[in-house]
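Colleague: Sequence:
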Amino acid sequence: MTTEHSLSAEHLRLAYDRLEVAADLSLEIPPGRITAIIGANGSGKSTTLRALARLLKPKNGVVFLDGHDIHRLSTKEVASRLGILPQGPIAPDGIKVVDLVARGRYPHQKWFRQWSDEDEEAVAEAMLATGTVDLAARPVDELSGGQRQCVWIAMTLAQGTDILLLDEPITYLDVAHEVEVLDLLVDLNQRYGRSIVLVLHQLDQACRYAHHLIAMRGGKIVAEGPPGEIVTDRLVHEVFDLRCQIVPDPLSGTPMVVPIGRHSAGASDTNGQTSLPQLPSRGGTP
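The working numbering applies: residue 581 is where the sequence shown begins, and numbers increase by one.
If you are wondering where the hints come from, they were derived from the structure by calculation, not from laboratory data.
All clues given are correct.
Cut-off 25 Å, straight-line C-alpha distance, at most; resulting in silico cross-link-like pairs (DSS-like, lysine-lysine):
{"#": "1", "residue 1": "656", "residue 2": "676"}
{"#": "2", "residue 1": "656", "residue 2": "639"}
{"#": "3", "residue 1": "637", "residue 2": "656"}
{"#": "4", "residue 1": "637", "residue 2": "800"}
{"#": "5", "residue 1": "639", "residue 2": "800"}
The structure displayed is predicted, hence computed values, not measured ones.
Taking the hints into account, I'd like the entire structure generated from these sequences.
Modeller: This is the structure we're talking about:
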């Protein structure tokens, strides 16, 4: 089973006021696959995701959802096909977990069709999948950061869209819950053919869980394709300014990054000493 919907962008120029983040950016999300957008802080990956989700209108260029300009579609049309989990979402004061998750069903409501058994089942399945059933009656603002993140993911899943866009969905989670969430997204992809786009910081996780990588630096796509084909020590250095060796992941066989720090064996040629930068004068008397 594969997704019916497509998402792409052509010649995007993305900016916040006068701060340009990306120029002439074009990409196509492979349908029915998991795509990870990677890059250092400030590379433009979250801004790109916001543009794909219609949270940021490009200065130039077009985002296409099913071949249509996404900004010419109604909010409900977009929300019924595309789910988004942005960074740092804010819940209404005092709202309970189950009520927040239920808001994911908003795009499916019409004046002649209110809450249904289908909606109830979608909310229950989303909470079960994310391990948030026991939190149902608790106010969201009383939860830990990791618990809140799981609740937001549950709301996005309850939306039941064919395309999911998630900006750093494993932020605030411990390692065990990171793996649970990423495994859950793989299940959704394999079972329902959903197209999933993730912004991730950890390259090893991106390589293990994604079919397709988009590597960014300075608002430009440096490389894209299957992890095993594009991830090299040269790419990691170009994208992250990090010297490394690439070795096979012992479990998945996907590329795994072994950083080379100043104190790595055989890596230092300065006896571990670093010269201090020359700072501008502060003026006055210290």
